[in-house]
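Based on these hints, arrange chain B on the given structure of chain A.
Protein sequences appear in the order of chains A and B. As numbered in the numbering used here, residues 1 to 305 make up the first sequence, in order. As numbered in the numbering used here, residues 1 to 616 make up the second sequence, in order.
No lab work stands behind these hints: they were computed from the structure. The structure presented is a predicted model; accordingly, all values stated were derived computationally and were not measured. From the three backbone atoms N, C-alpha and C, an ideal C-beta is built for every residue, glycine too. Just to be clear, a hint being listed does not mean it is correct.
To be verified - Under 10 angstroms between C-beta atoms, here's a sample of chain A residues computed to sit facing chain B:
1. L26
2. L29
3. N52
4. G53
5. Q58
6. V99
7. D112
8. Y118
9. E126
10. I192
11. D198
12. Q220
13. L241
14. F249
15. L250
16. A259
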Amino acid sequence: MNFNIDFLAWKKLALITSGVLILVSLTSLIVKELNYGLDFTGGTLVELSYPNGAEIDQIRETLRSSGFEGAQVANFGTNQEVLIKLPGTISDSLGSDIVSVLKQANLNQEIDLRRIEYVGPQIGSELRDDGGTAMLIALAFMMLYIAFRFQSMFAGAAVIALIHDVIIVLGIFSLLEIDFDLTVLAALLAVIGYSLNDTIVVSDRIRENLRADEDNDTYQVINNSLNQTLGRTLITSLTTLLVLFSLYFLGGEIIKNFALALIFGVIIGTYSSIYIAANALIIMGVSKDHFKVEEPENSDTNSLP
Amino acid sequence: MKRYGLWKYILILIVLSFGVIYSLPNLYSPDPAVQISYISSSQSADINLRDRITKALDESSLSPLVELNKDYALIRLNSYEDQLKVKDLLSSSLGPDVIIALNLATTTPQWLADIGAEPMKLGLDLRGGVHFLMQVDTEAAIKNRQNGTLQDLRRRLREEKIRYTNSFVDDDLSILLRFNDVSAKEKADSFISENYQQFAGSPSADSETSLSLVLAQAEVEQIESDAIDQNLTTLRNRVNELGVSEPIVQRQGKKRIVVQLPGIQDTAEAKKILGKTATLEFHLEAQLDTPRTRKSSYSFKGNPGSVASLQNAVILGGDQVATAQASFDENGLPQVNITLDGEGGSRMHRATRGNIGKRLGVLFVEQKTRTVYEKDSDGNLVPSQEIYEIKEIISLATIRAALGTTFRITGLDSPSESSELALLLRAGALAAPMRFVEERTVGPSMGADNIEAGVFSMGLGMALVLLFILFYYRVFGVAASLALTFNVILLVAIMSILSATLTLPGIAGIVLTVGMAVDANVLIFSRVREELKRGRKPLDAIDAGYNRAFLTIWDANITTLIVAVILLSYGSGPIKGFATTLSIGIITSMFTAIMGTRAFVNLIYGSKKNLQRLSI
Numbered sequence: 001m002n003f004n005i006d007f008l009a010w011k012k013l014a015l016i017t018s019g020v021l022i023l024v025s026l027t028s029l030i031v032k033e034l035n036y037g038l039d040f041t042g043g044t045l046v047e048l049s050y051p052n053g054a055e056i057d058q059i060r061e062t063l064r065s066s067g068f069e070g071a072q073v074a075n076f077g078t079n080q081e082v083l084i085k086l087p088g089t090i091s092d093s094l095g096s097d098i099v100s101v102l103k104q105a106n107l108n109q110e111i112d113l114r115r116i117e118y119v120g121p122q123i124g125s126e127l128r129d130d131g132g133t134a135m136l137i138a139l140a141f142m143m144l145y146i147a148f149r150f151q152s153m154f155a156g157a158a159v160i161a162l163i164h165d166v167i168i169v170l171g172i173f174s175l176l177e178i179d180f181d182l183t184v185l186a187a188l189l190a191v192i193g194y195s196l197n198d199t200i201v202v203s204d205r206i207r208e209n210l211r212a213d214e215d216n217d218t219y220q221v222i223n224n225s226l227n228q229t230l231g232r233t234l235i236t237s238l239t240t241l242l243v244l245f246s247l248y249f250l251g252g253e254i255i256k257n258f259a260l261a262l263i264f265g266v267i268i269g270t271y272s273s274i275y276i277a278a279n280a281l282i283i284m285g286v287s288k289d290h291f292k293v294e295e296p297e298n299s300d301t302n303s304l305p
Numbered sequence: 001m002k003r004y005g006l007w008k009y010i011l012i013l014i015v016l017s018f019g020v021i022y023s024l025p026n027l028y029s030p031d032p033a034v035q036i037s038y039i040s041s042s043q044s045a046d047i048n049l050r051d052r053i054t055k056a057l058d059e060s061s062l063s064p065l066v067e068l069n070k071d072y073a074l075i076r077l078n079s080y081e082d083q084l085k086v087k088d089l090l091s092s093s094l095g096p097d098v099i100i101a102l103n104l105a106t107t108t109p110q111w112l113a114d115i116g117a118e119p120m121k122l123g124l125d126l127r128g129g130v131h132f133l134m135q136v137d138t139e140a141a142i143k144n145r146q147n148g149t150l151q152d153l154r155r156r157l158r159e160e161k162i163r164y165t166n167s168f169v170d171d172d173l174s175i176l177l178r179f180n181d182v183s184a185k186e187k188a189d190s191f192i193s194e195n196y197q198q199f200a201g202s203p204s205a206d207s208e209t210s211l212s213l214v215l216a217q218a219e220v221e222q223i224e225s226d227a228i229d230q231n232l233t234t235l236r237n238r239v240n241e242l243g244v245s246e247p248i249v250q251r252q253g254k255k256r257i258v259v260q261l262p263g264i265q266d267t268a269e270a271k272k273i274l275g276k277t278a279t280l281e282f283h284l285e286a287q288l289d290t291p292r293t294r295k296s297s298y299s300f301k302g303n304p305g306s307v308a309s310l311q312n313a314v315i316l317g318g319d320q321v322a323t324a325q326a327s328f329d330e331n332g333l334p335q336v337n338i339t340l341d342g343e344g345g346s347r348m349h350r351a352t353r354g355n356i357g358k359r360l361g362v363l364f365v366e367q368k369t370r371t372v373y374e375k376d377s378d379g380n381l382v383p384s385q386e387i388y389e390i391k392e393i394i395s396l397a398t399i400r401a402a403l404g405t406t407f408r409i410t411g412l413d414s415p416s417e418s419s420e421l422a423l424l425l426r427a428g429a430l431a432a433p434m435r436f437v438e439e440r441t442v443g444p445s446m447g448a449d450n451i452e453a454g455v456f457s458m459g460l461g462m463a464l465v466l467l468f469i470l471f472y473y474r475v476f477g478v479a480a481s482l483a484l485t486f487n488v489i490l491l492v493a494i495m496s497i498l499s500a501t502l503t504l505p506g507i508a509g510i511v512l513t514v515g516m517a518v519d520a521n522v523l524i525f526s527r528v529r530e531e532l533k534r535g536r537k538p539l540d541a542i543d544a545g546y547n548r549a550f551l552t553i554w555d556a557n558i559t560t561l562i563v564a565v566i567l568l569s570y571g572s573g574p575i576k577g578f579a580t581t582l583s584i585g586i587i588t589s590m591f592t593a594i595m596g597t598r599a600f601v602n603l604i605y606g607s608k609k610n611l612q613r614l615s616i
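Next comes chain B alone, as it looks inside the complex:
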């Protein structure tokens, strides 16, 4: 029998200890906790916040420790009851500038956290929560843009004295222009190719006297991705209001956004908050002689310290803004181009022509929900939801000329400021609407049941398999059992390092891996038995068994891995969770079932030169 190299033992030991260490954090069950952070993301949790929390909790019987992390303050509690009590207490006494969320805080020991060992993430089906898939109506955004362009085009064609008979945006989202004669059409054609670059190639002609303007693919993609970005921004703001500790707001594919809110159960409330849109109001700046009853002051967004006073009269609202885009002017300075619809354009014109030199303010209006607490007749705090509006100035710029359907805001300090302003303007404009296309809510009791069922079925399944192979293969069975256990530890360690999410189908994948991982050992051991029967010496039989079975195991596992990878790339939701654990399990099982058992078998039999029998 060949000597089993020392390096292999060392490698196995290293991998084993690595597996044990990195799967360890999963054994520490998390604490119920309350997490407090400032609403404004630029403000990190400070001593000031801690003092406010300690003061708020002073009166209660609970006197928990307040931990300060970079982004939030954390209070660990002993029970879920205390957790809710503390949340209610803090919500009623801390100001509206903080977000209070329920959380599960990991209890990973410091020395493990220091080497980056963290427990696996649990999927919503195991911890409870809401999963939404929202579809952004990008067609509406494109139609909006084309309508805006059409307004502008009509005005400029009139200025150029090119007469058209009919103009509209058709169902294919292209602009259709009809003319009286061919020469008008040709003039328009060359005018448009010169001045509008967003259309595909040269304007295509439907007939002798009409033009059909189709947006270029790059332009369409830009609009789509703008629409998604704008909705992502809005959604992220909204999710903050919900008080969720680890929300996920992510783009999925071309037109969709995934929102995952662990711990939330009131889906009706969550939908109401997520579905709301922001809007805009354009006002003239109040003058010294504006009566007090006809002006109000607002602070600037992102700069609560500075304030300006605007007239109460609204020139126009966000629904009349077609587009807003950041760009650069002829001197290379950042600017934002705004296009209004026809009615908005004439309102803007009327309001600005007599006010050149004065300033025009844009208000960003957001509806927010907050929880207010009132004492009922028994003196208990009863929470209720209240909707309130926040209006903040996002732009205050001097009017240089009478404005129409298209105008620009200049004097911005940086390109990032102009793109931020454009994003806010778009978010407040008639946004591309979103629809809920999928919802999966799991209640907390179901989540707990799922964990229990998953762990229990895995435990039993594994115990049955281990018993069977111990009984059937004896000493070799011990090797296979150790390898199986090692395999699960390694699988959990890798899941933890990748911070992969464990779901119920994922647990099913682990269980299936356990059942199938034995296959490699069964193949090897059957082969060893065969070789023994052919009259080989025990140690030679072991050698031959491992060598001959290897290729078969390899082929069989690779094909299963191919299936798992295809599942990973095509599957969604439950399929992904299953495929993740299955594919990791296949890889780890090849290592443990081949190298792991070999090392064990060699340790037991390798030194016995005159071995007569194998316990297999």
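Chain A extracted, bound-state conformation:
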């Protein structure tokens, strides 16, 4: 693939697009908040399978008359699967209680227990704290590594791109009201890894060209670098998206949101490594002077008195 696109000419448009996306994401995160899943809120979740199809209304009625107030009942995937959620943590045996009540009310058909999940309130808040800590530590380590391998400006640009990606993916989850649970958090951290991967490949080429390219100015060098890596960026994103879509459609309900978070993340990460990281470098004022190969300093030390 041969490209000659003036990416940096789109700087204004890119900045406006990203700005709007981030603004919408932040607004949604503040107004609608994240739709925290069971892992973070605590509560009980029961998934049952009725081989002959489930009567949602009947299940609701049974649960209400048995004193399980506030139970949310919904189909999950197919019309045979039922997901019952009870927020808050009234008792640790709620899950098995629900199963036995429903089994009694429905003696004419076998109910298959798919899963029960109970998360105590303390565990929920701990998981949330641990998740946040892990995210911050990951960002900090990335910054350190890039600053060590490249230069502080690249570290700044990469982290700006990362934060950009994370905020927008979170924003999408908040806007679409998709459950945000532990697996999605894992996906988000994988997005950080993936997006950084992309950014590093681009930065690597920019650095190489800044050192080697004598003819062009910084602006042109960065543009060339983006074009040179574009083929690779697109192909890698494509193969990753191929497996992610296969996970999304075939990996089962539990993996669905995980795959979704990564799909959004890969798309946004690809965009940000082209437009955001490179523009951030220009705005921070990177120039060829930062990459002059240093002259050997000690060539004449012998002649010193």
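Relative to the frame of chain A, chain B by itself:
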């Protein structure tokens, strides 16, 4: 083009064959099996056990082979139906001294097992089962200990004629003592620093006339870890009752215990059994003149052969025991110190003061559940649960003086005996209570579905990626495809060797690795294409492509690895499973994508000196 050293080919061959061999066991699907072992862990499975099993199965139409391992006897069966049939049959005919559990027995061929090749472990989300996280209320244990100390302190202050006006354990778990005047307080202060070492520094003064005794950090940690140990012991005993083949009972962090029971679905039943606590009963030994109706005989725990007779009257129960600790007496002999609460102390005093020279017995009382089988009207065996109690003597010692709130049991043979006795006493005492803070149950149908979904999505994802790179890079695509396949084999082999647990998020991690591992090859091949375009000769272009791409690949992978390692150390449950496969996958992919493809490319093009075109 540089010669590709022979040693590199050999290394790749070695790693490849190693990968193939150690991932091989995963291809053999396990047999449904029933596993039988003795309840007492010291007894290993013997011919005697095998004979009993063969005899029990004689009448049935099934005549399976009974294998004997060191710890258990194993019966392999052809179907899950037969498995349940055999379990029911054995449970009804074998005695209560054995544990019968359903299991999945590996079918790894002997020659693989001999070199230590085993299949990966499957997580509960793939095989079905229950995961519990229990939190031990260590505060209750500390409060208990402080209450015990307070009882003792009150008595000794009275003996020392130091008068206090008020004494209690406050909400911060420290003992608060109030006095009438400063001199009483100072006397108490020096008495306590001399006789009680468990408090932090010198007793701190709240005001002129009061003392606040805070437990030292080391002491608190000791109590916490005792409480966890004691609950671990109790839980392990209980789990045995459940008949699970590979249970996990593990400490997690400072206050928590993880219990994983593969194959169990009746969580209500499991919780009931796990939640039960043992208790203690103190009895006087029966004398020759004790009427038969007022005494019973019990066997000793761990020594069913010897028996002693105790009076039926209970002096006090486990709920009145505050602490029990193993230590050494002034002659360096092992002993156990026991502290009772106030009421327990006075009961003990009343019961023992007139019986000096006689013996005091301690019974360990455990509630257990067993499955009993009854024939219904159709003659079928119907299982039902029955709760029964086991009472065993854990100590029988001569009373040397009237006992009070604190006393000690001496005459123990070894330090291990004293710590065992202390552990049992604590387990039966008012234990630090446990709460269920997390439960994750996966039914067997869900587990099977998860495996299918995982394998299917991985197969499809991989097929799509392979097709794409074959189409896009042709001969180089073949190299990359081989490397990808090699990568997955290697990943599975390493997971198997580490006996890491494969979970559904773990499979997602493998799939993601497949998608991302191509990146290294894409980087290299794009670079080779660029170099060709700049007019380099094909073999030079290959060299330059690999060399220039290497650092980029390295940096990109290291950063992803950093994320994976952070996930590993901070994550729990699903995150850990994902991070495990992701981090192993990153490492293996660097090897296969760089060294593996290079070897293949060299094999094809390396010998052609006048190569004009590359199929890339």
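Status of each hint after checking the structure:
no., hint, verdict
1, L26, "violated (24 angstroms)"
2, L29, "violated (22 angstroms)"
3, N52, "violated (15 angstroms)"
4, G53, "violated (16 angstroms)"
5, Q58, "violated (21 angstroms)"
6, V99, "holds (8 angstroms)"
7, D112, "holds (5 angstroms)"
8, Y118, "holds (4 angstroms)"
9, E126, "holds (9 angstroms)"
10, I192, "holds (6 angstroms)"
11, D198, "holds (8 angstroms)"
12, Q220, "violated (18 angstroms)"
13, L241, "holds (8 angstroms)"
14, F249, "holds (8 angstroms)"
15, L250, "holds (4 angstroms)"
16, A259, "holds (7 angstroms)"
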